[in-house]
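Peer 1: Using the sequences provided together with the hints, build the complete structure.
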Amino acid sequence: MAYKIVKDNCTGCSACEPECPNEAISESKDGLFIIDPAKCTECIGHHDQPQCVAVCPIEETCVIDDNYPRYQAA
Amino acid sequence: MQTEQHQSGADGAENHAGANVDEIMQKVAEHKGCGTSGGSGKASCGSGAGENDLPTEIWEKVKNHPCYSEEAHHHYARMHVAVAPACNIQCNYCNRKYDCANESRPGVVSEKLTPEQAAKKVLAVASTIPQMTVLGIAGPGDPLANPEKTFKTFELVAKYAPDIKLCVSTNGLTLPDHVERLSKYNIDHVTITINMVDPEVGAKIYPWVYYNKKRYHGVEAAKILTDRQLQGLEMLTERGILSKINSVMIPGINDEHLVEVNKAVKSRGAFLHNIMPLISAPEHGTVFGLTGQRGPTAQELKALQDNCEGEMNMMRHCRQCRADAVGLLGEDRSAEFTTDKVMEMEVSYDLEARKAYQEAVEKERQAVVDAKKAELAGLAGEHSDIKMLIAVATKGSGKVNEHFGHAKEFQVYELSTSGAKFVGHRRVDLYCQGGYGEEDSLATIIRAINDCHAVFVAKIGGCPKNDLKAAGIDPVDQYAGEFIEQSAIAYFKDYLDKVKSGEIQHVERGDAQIRQGALTAAEAA
Ligand code: SF4
Ligand code: SF4
Ligand code: SF4
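Heads up: the sequence lines are chains V and D, in that order.
Under full-length UniProt numbering, the residue at position 74 of the first sequence is numbered 74, and the numbers go up by one with no gaps.
Under full-length UniProt numbering, the residue at position 267 of the second sequence is numbered 267, and the numbers go up by one with no gaps.
Derived from the structure by calculation, the hints contain no laboratory data.
None of the values given here were measured: they were computed from a predicted structure.
We treat Cβ as the ideally placed atom computed from N, Cα and C, and that holds for glycine.
Do not take every clue at face value.
[Unchecked claim] Partial list, computed: chain D residues near chain V (C-beta under 10 Å):
#1 Ile-89
#2 Pro-140
#3 Ala-145
#4 Lys-149
#5 Arg-215
[Unchecked claim] List of simulated lysine-lysine pairs, PhoX-like, C-alpha gap at most 20 Å:
#6 D:Lys-355 with D:Lys-159
#7 V:Lys-4 with D:Lys-213
#8 D:Lys-387 with D:Lys-421
#9 D:Lys-152 with D:Lys-204
#10 D:Lys-223 with D:Lys-263
#11 D:Lys-214 with V:Lys-4
#12 V:Lys-29 with V:Lys-4
#13 V:Lys-39 with D:Lys-263
#14 D:Lys-204 with D:Lys-184
Peer 2: Here it is as structure tokens:
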């Protein structure tokens, strides 16, 4: 469930990629980054803050994707 | 208090850096006193430092390093590779949608490289430009927020080009975590950007930091940052790694505070302090750009640098280069080394040839030093309160060898009876982009060197000559092809004579404007 990356805002800086505890973030062909919603757990159970949101230098770039239900920690 | 905490680490450090580290650091510490002991007339031992001013061990470390010595940067080149795009703090002078505004020209995204591409580029550049002695990784983000990419690059370069000195620039947030590794890779020096030691000041510069898996804001964020920066600096000092401090001068925010920063970093063993002007044009889209925060004028910057100089070495020749800069002073060679071109190049890295070339460079360099000494002898015994600035058009080798209209920047020297001292440079390249000879660009060049009494050039056309004269700046082309400092001293002697004889009257000049933007890819420094 999930966070998503707003494509128009992403600079491709790669700061988010290594911080994700679930390896949900990867580089796409255009050099920007994307989140695999199936892997994203909103960092629940790992960290207090969603890591992609905390590290991304551009505001409103890593945002909640409402198309998915909220993640429930097991 | 932090000093005490970290002293216990000093024993461990010796294993890494060798036994004579203490000795070297001792010498660094002793050396720093030279500014004050030399009397007010010859306070500079930093940017103009030469063989005689520095302990041999330190001189050996820095003599071919364009970023350490103003004199060396006429003769040696450095390059940056942009392997590190991620960052872990936000600065109000940076717009991450582009590049870091103070190390890179905003609006032009540096070409990002993988460590393998970067290493190949280093080999290609070093085989083409034998004066290239230094590889720096300076972003466009924080190289230590990208430790894997940064260290992988260093590892590859150390393996294939062992004579190249390595250095890294960092905001310092994760520095304490990486000091061990830095000492293993034989990193020559580390640059830490420190803009404050007071979190209240820091809160006005840094909106947030990302630390220990959390984003912190305001004073809390700035406190974490300053603690980590100073801790990192102390750890480097303990291990005998030289540290240079970069500070961005932000009028009204940290300008006065930087004197305190200077003391704090000096007491922790920093070797050189580089105070840079804020770059904040509105079109860069940085917070400071948008809020109308201005940068300092040339004289404000110089006054602060002069003020700190009694305390420690000041660096005055930093060009705030882009994260992918390549080349020697006055050259812009990045276009020759785009990723596409580099990947196709056949590279043969010839250590011996590089060594031979650099030996020739050393000879040339010695000639500059000798010429200056000889001319200086003629000033001995002269005493005058007159001080003046001159601007010089040069493309390197310490000579007056650039056409006025082709100059991308002017080097500024302060002349007094104690000699010619480098005090900074004034960029004018963007002014000239539309071709020179245009009235507009001339007016902006004059604004950039308006605090100078004269401009030394290899050649100059009639029109700009008259305009310069009208603005009160003496256009001087009689020293074409000659050594800068020697010529400057000769000019000054002449000037003093004319003042004494009443032929001319000495008048003070006004202030000058610092151009907004970082250097694309030219020059050494
Ligand atoms: S941190 Fe933000 S800007 Fe950088 S790659 Fe990730 S989503 Fe894009
Ligand atoms: S919220 Fe956490 S788990 Fe989800 S993509 Fe961001 S870093 Fe990964
Ligand atoms: S002059 Fe350029 S290369 Fe040298 S320290 Fe400044 S930014 Fe780095």
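Peer 1: Confirm or reject each hint.
Peer 2: Hints, verified against the model:
| no. | hint | in the structure |
| --- | --- | --- |
| 1 | Ile-89 | 9 Å, holds |
| 2 | Pro-140 | 8 Å, holds |
| 3 | Ala-145 | 7 Å, holds |
| 4 | Lys-149 | 9 Å, holds |
| 5 | Arg-215 | 4 Å, holds |
| 6 | D:Lys-355 with D:Lys-159 | 17 Å, holds |
| 7 | V:Lys-4 with D:Lys-213 | 19 Å, holds |
| 8 | D:Lys-387 with D:Lys-421 | 11 Å, holds |
| 9 | D:Lys-152 with D:Lys-204 | 35 Å, violated |
| 10 | D:Lys-223 with D:Lys-263 | 18 Å, holds |
| 11 | D:Lys-214 with V:Lys-4 | 19 Å, holds |
| 12 | V:Lys-29 with V:Lys-4 | 17 Å, holds |
| 13 | V:Lys-39 with D:Lys-263 | 49 Å, violated |
| 14 | D:Lys-204 with D:Lys-184 | 36 Å, violated |
Of the numbered hints stated above, those contradicted by the structure are hints 9, 13, 14, listed in ascending order.
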